[in-house]
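**Q** Sequence:
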Amino acid sequence: MERQIKLIWDFRGPQALHIAKHHEIHLKDFIKAEKLTDWDITGFEEVSELHSIAFWVVPESEIKKYRDILKPNRATVYEK
3 MERQIKLIWD FRGPQALHIA KHHEIHLKDF IKAEKLTDWD ITGFEEVSEL HSIAFWVVPE
63 SEIKKYRDIL KPNRATVYEK
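Each residue of the sequence shown is one higher than the last, beginning at 3 in my numbering.
If you are wondering where the hints come from, they were derived from the structure by calculation, not from laboratory data. Quick caveat: nothing in here was measured; it's all calculated off a predicted structure. Ideal Cβ placement from N, Cα and C applies to all residues, glycine included. Honestly, I wouldn't trust all of these hints.
[Said to hold, decoys possible] Across the chosen pairs, the derived CB separations fall in these ranges:
(1) Met3 / Leu52: 14 to 22 Å
(2) Glu4 / Lys37: 13 to 21 Å
(3) Glu81 / His53: 14 to 22 Å
(4) Pro16 / Lys37: 30 to 38 Å
(5) Arg5 / Glu36: 31 to 39 Å
All chains, full assembly: derive it from the sequences and hints.
**A** Quick look at the structure:
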């Protein structure tokens, strides 16, 4: 089975969690618009009071395409 990669967008500051939640909405809209319903794992996490992330999990073979389009800050191997 192909590895799954978690594309991550970092947000910092007092509004970080709010912005991460909002960014996830845009990720879901992108998934819907591009008809990528098989790749619907998204979310947000509060790392600390001033740091939150939004993420989307995609197959490793698709990383370059979506990295170039969506410009995440970083990526890591996704583990359930």
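**Q** For each hint, tell me whether it holds in the structure or not.
**A** Hint check:
1. Met3 / Leu52: 14 to 22 Å: Given about 37 Å between the Cβ atoms, the range is violated.
2. Glu4 / Lys37: 13 to 21 Å: 19 Å, holds
3. Glu81 / His53: 14 to 22 Å: Since the Cβ atoms of Glu81 and His53 sit about 21 Å apart, the hinted range of 14 to 22 Å holds.
4. Pro16 / Lys37: 30 to 38 Å: Holds, since Pro16 and Lys37 (Cβ atoms, about 36 Å apart) stay within the stated range.
5. Arg5 / Glu36: 31 to 39 Å: 21 Å, violated
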